[in-house]
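With the sequences and hints as input, model every part of the structure.
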Amino acid sequence: MRKLLRIGAVLAVSALLAAGCGGGEDGTEGSGTPVAGGILRIGSGSKIDSLNPFKAVQTDAYITFFYIYPVLIQYDEDLDAIPDFATSWDVSPDGTQITFHTESDGKWSDGAPLTANDAAYTINLILKYPGPTAMMGGYAKHISSVEAPDDTTLVVNYDAPVNTDWALSQLNQIYVLPEHVWSQHEGNDGKDLKLFSNDAPIVSGGPFVLDAYSKGDFARFTVNPDYYGPKPMIEAFGIKWFTNDDAMVTALLNDELDMITTVPPQTIETIKANPDLVVDEYSGMEFYDLIFNSHKPLHEEILDPKLRAAFAHAIDMQEMVDTIWLGHAEVGSTIIPPATAKWRNPDIEPPTYDPALANQMLDELGFKRGSDGVRIANGHRMEYDIIIPNILTGADRLFGIVQQGLDAVGVKVNEKAMDGDAAWVAITGANNTYDEFDLAIWDWFPVVDPDFILSVLACDQLGGWSDTGYCSAEYDRLYNEQGKAVKTQDRQRIINEMQQIAFDDAPYIVFYYVNALEAHSAAWDGFVQNPLGSINSTSKLTLEQVHKVG
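Everything in the sequence shown is counted per the working numbering, starting at 1 for the first residue and increasing by one.
Among these hints, one or two may not hold up.
As the list claims (entries may be wrong) - As a list, the in silico SDA-like pairs of lysine to any residue whose alpha-carbon atoms are at most 20 Å apart:
hint	residue 1	residue 2
1	LYS194	GLY464
2	LYS412	ALA356
3	LYS368	LYS416
4	LYS416	ILE302
5	LYS487	LEU79
6	LYS55	ASN163
7	LYS484	ASP505
8	LYS306	ASP316
9	LYS484	ASN163
Don't read these hints as lab results, they were simulated from the structure.
Have a look at this one:
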């Protein structure tokens, strides 16, 4: 999902403390005896834009949903599917049906029973109202029907044989909602579902209950005593949001936070120098990209893949890696990051930085330079605004490298910085018309299986996850096929072909993949890492296991 980075208001960290978030004790990571209790204080640069899963687009919102709602399966540190609300599952011999056996003693936080019927209700809700539920609708693709024959059995039927790994990855992103709450908001042909504010305290069925929330400031989660799974070792955790990286790092260094989910690369050595802190770095999923309006840009030439390829050769992405991330990133190519291992197409290489080639390509397109050195296309100067969320890591430097590279080939760009909410509105346009911009810069956080990041370029995501307005009949055909490719090698072949189409059509230029960089107090241990970070929207393991050490 979109990180939609760093939008929350900076208020004193004491607000988080006032909400009941106390710190841990001194200790050394991995040493001593696990100590139960305590409140883990987390600093983040994302935020919760909405507590409604049919409306939210920001990373911390999806982390919230994952910890307060049941999901059928989750992922471990090896990216293998493991039980969550489902204790086990069986696949029919013909691959068209998955039967899940669910927990028998679940309760919602308001005391209502939590059963397989809630899971069936949620998926059927998505099938019934595909428009209002579009943010989760892609995860129900190829599902023809769902039923709960009893309280502990869920039967999911597909319209054709499907790849089991694909199907599980889809269901990992569907949060089981309490039917007795959400059934009251189905009015206006389901449109009221997106109007439900779902304010805290939220009726929860996961390991935690969101019981205190101040938008843009902090959220506090306390342990749900009726959770069906393993009881977390902590009593609660809190998230404090920052718009300024330096302020977040300072709070960590001053023992006002126990963990930060993203370490600014310029601060890594400072944090490492503190014996009471630990920095973890590993291959991550996040990537930054240049977005081309692929639907109805303000200037028609933006649609030309040859122009996009020329832009890619004009931009020095290695300089971005070296100067913005100090080497803690890797130059990008395809929309599937290396951290997914087998799914990335190895034949797609990053574009070479070659300004001479970029100039040649633009010359061949007939875009001649004017007297001021700026090229002319379709009767106008090649001058474009680039929308960019204003607190993306290294945003100004990132834009500066793009600007410098394009200026050298006769293209002028202007920075149009704004907060994430405004940027999303500017990109999608009024009524999702995608007709008010040419270029943008943002980042993506793909999930474990490649289906999600592939889906954002599907035609049915116009008005949903799409930030490009891209739509290709051939790409859509392949996207539908990959979910039905029962054999993994067949699915890999199709996904490789999709990556090549996306690379050639270039709705995105992928700048770089960012390493996961986290830091935490040595007084805490039990963090379970996967490429999305130790606290993420695919696994509950860290916050079920994290603990102080004594």
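Let me make sure I understand: some of the numbered hints might not hold for this structure. Which ones are they, in numerical order?
Checked against the structure, the hints that fail are numbers 3, 6, 7, while the rest are satisfied.
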